[in-house]
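Listed below, chain by chain, are the residues.
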Amino acid sequence: MTDSWQDPRSRRWRAVRGHAVLAVLGLLCVFPIYWLYATSLRRPGDVYSLSPLPWPLSWQSYADAASKVDVLGLLGNTTLVAALTSVGQLLTGLLAAYAFAAWEFRLKRVLYLAFVGTWLVPFQVTMLPNYVLLFQLGLLNTLAGVVIPTLCSALGVLLLRQHLAGFPKELLEAARMDGRSSWTTLWTVVVPNLRPALAALAILLFVNAWNEYFWPAMVLRRSNAMLQLGLRSFMGTEGDDWGPLMALAGLACLPVFLLYLVLQRHIVNAFVRSGLR
Amino acid sequence: MTRPRTRAGIALALGLALATSGCGLGSTEARQTPAAARVPELGPDQKVSIVFESYNFGQAGAWTDTFNELIGKFRQAHPNITVTAQKPQGNSANPATDTIPSVQSQLAAGNPPDVAQLGFSDLDFTVHQLGAKPLDDLVGRDAVQANFAGAKHPYAASARTLGDWDGRTYGVPFVFSTPVLYFNASLFQQSGLDPANPPKTWAEVGAAAAKIKAATGKDGAYLDCLTKEAKDWCFQSLVRSNGGRVLSADRKSLTFADEPAVEVVRLAQDLVKSGVSPKLAQKQGYEAFARGDIGMILETSAVQATFVKGAQGKWDLRSTTMPSFAGKPVVPTNSGASLFVFAGDPAKQRAAWELIRFLTSETAYVTISSKIGYLPLRTGLVDDPDGLKEWAAKNPLVRPNLDQLAHMEPWVSFPGANYLQIRDGMMDAVENAVYQGADPQATLSAARDRAASLVPGGVR
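In order, the protein sequences belong to chains H and Y.
Letter by letter, the first sequence follows residues 101 to 377 of our numbering.
Letter by letter, the second sequence follows residues 68 to 527 of our numbering.
Read the hints as simulated data drawn from the structure, not as lab findings.
Wrong hints could be hidden among the right ones.
[Claimed, not checked] Derived lysine-lysine pairs resembling DSBU-like cross-links, with alpha carbons at most 35 Å apart:
{"id": "1", "chain 1": "Y", "residue 1": "K280", "chain 2": "H", "residue 2": "K168"}
{"id": "2", "chain 1": "Y", "residue 1": "K114", "chain 2": "H", "residue 2": "K168"}
{"id": "3", "chain 1": "Y", "residue 1": "K140", "chain 2": "H", "residue 2": "K168"}
{"id": "4", "chain 1": "Y", "residue 1": "K461", "chain 2": "H", "residue 2": "K168"}
In isolation and in its complexed conformation, chain H is listed as follows (with noise of 0.2 Å):
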């Protein structure tokens, strides 16, 4: 009797059929990407056009984007702040994990629990309050203001104190027994380590950071100074600008697309080691 499993004509079929399943889902997950760009490179005139393929081809609209807002500043600004808020969230994350791991101090547990429900309130809680601090400190309508608030992640205490849970503990006694100072063992021992982690959750801090809408356009009145916002200046009461809105979309996404090809390997390992496939 032949096992199904074993027969390479039925191994071949199920192959075949699961890659098709997979081609479609691909192709879904593609197509509104691709739509972006087709209308993108449309005439102005024909952005309503429900025809697949965009001809002729035009780069009016990225012409019109240019004209209507400062796509260097926004890139600029965009990738300052989402570069920032990544590190500093990266290095309160590193030092509360380290401090969550490596020592044993009253309330630990309290305190590691408070850092874990603030994760479960959600930001429309917490605008409010941090947007009268700005207020008070001046900070408002400034790409400081949009950093400050959002230089702590929950997140990123999480997922390195998991990391750091699992960090030999001897490493961390031979290091003192070494007559490392605690300081010196973060960066000269765990931190090296540690590297692999933290590259992941730099990018998907940066992504996230990138990616921010809410909370800049609370605090960014005054202009349209972050991507995010200067795409959402093309609509409005008096109809969409899809033209320009899929040009400055499609320049958005080109430096995350970078990224990610750049650093897949990261990016892939970084879901996986958070659980959050």
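Using the hints provided, position chain Y relative to the given structure of chain H.
Relative to chain H, chain Y alone:
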């Protein structure tokens, strides 16, 4: 053994989390402004800074550029007044829907904008909850009326009182539209209809829509008045044109389940059921029209630029006045927004008034209409060779809107702090009946009964 400690720990942790997250919310108490003292004129060297919030600054291109240009001109005319422009804060795709929450949150932070552009649908809330300042008290009724009279071209009479409450002017109407029937003359010709003689009644619209559908296979008509997204300005116009209203004149009873409103919904439902009106959301509707896939659309002139862009070189775009219900007069209502003052400081209040005067002046309307395409509320400008005569000649699409101003009635705002729930509940019911086939009378009655308790001092 450890369970109680763990529970206590979790409770403490959650408490800490909430405390550290901060849960303070602003007060929602009514704050209608009492009569304010007259604000003095600014001294020649008196420097004042004010903040102007408008959703136009949220939209790139002609809107932001034109308003920045106007603010620049204002600074030249008033070098002692510094104006900082900002868009409403919020995360809606359409900044115009963020206006009220934005002012509310800034009021909660103690830092409201000095001048804000807010919609007519929010008038009751703006006056009674947000505490907009009565302009008649701040600068005097004579000054307010003198501004309406203008240097050469007065405001359209029907537009003057749109920002009034109890006989006092709180807001100066700034930009608005009335419902206009745009139509695709190319589809009319293909269907054997005469584009020079567009439908005058809703019965004619139904017949023309059926012809278009039969001859071209394209959709006949779309009314951008029947979804929650469209708000209720245009629905109110349909109901008023059928002899009804959505709120009683004493503002105490909801009347949107009365026969005139039900008839309107039934008519719209019939258009959809017969297949001549497509089941589309607001944006899908006007984008399909811009694409040339719908014969007629009842729409605000605010999206006219979208139609012009879509039609260019492809099909013939024309417009006409809103159709009537047989034998009844058409009652157009207005969409749009007014300019309100929220400044508390007398010097800022005076500076805010100067900005409003400037933005509603003849020169400003010439700039706004010619660069953005908004309707000039100083209608005489369209016949003035030094004003917008040339622009109006080049833009015949604006004419129906101007013609309708003469018999326009205000877009009525619902009363109380829960006005949006009332409005949205009504429009949900309308949408449900028109596009989901629910029974119009039963659906509207149920919505009215649910909302009745939200009307302050209301009666069923």
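Now the hints, each set against the structure:
Pair hint K280 (chain Y) plus K168 (chain H) does not hold up; C-alpha atoms about 39 Å apart against a cutoff of 35 Å. A hinted pair counts as satisfied when its Cα atoms are at most 35 Å apart, and K114 (chain Y) with K168 (chain H) qualifies at roughly 32 Å. Note on K140 (chain Y) and K168 (chain H): the hinted pairing holds, with a Cα-Cα distance of about 21 Å set against a maximum of 35 Å. Pair hint K461 (chain Y) plus K168 (chain H) holds up; C-alpha atoms about 25 Å apart against a cutoff of 35 Å.
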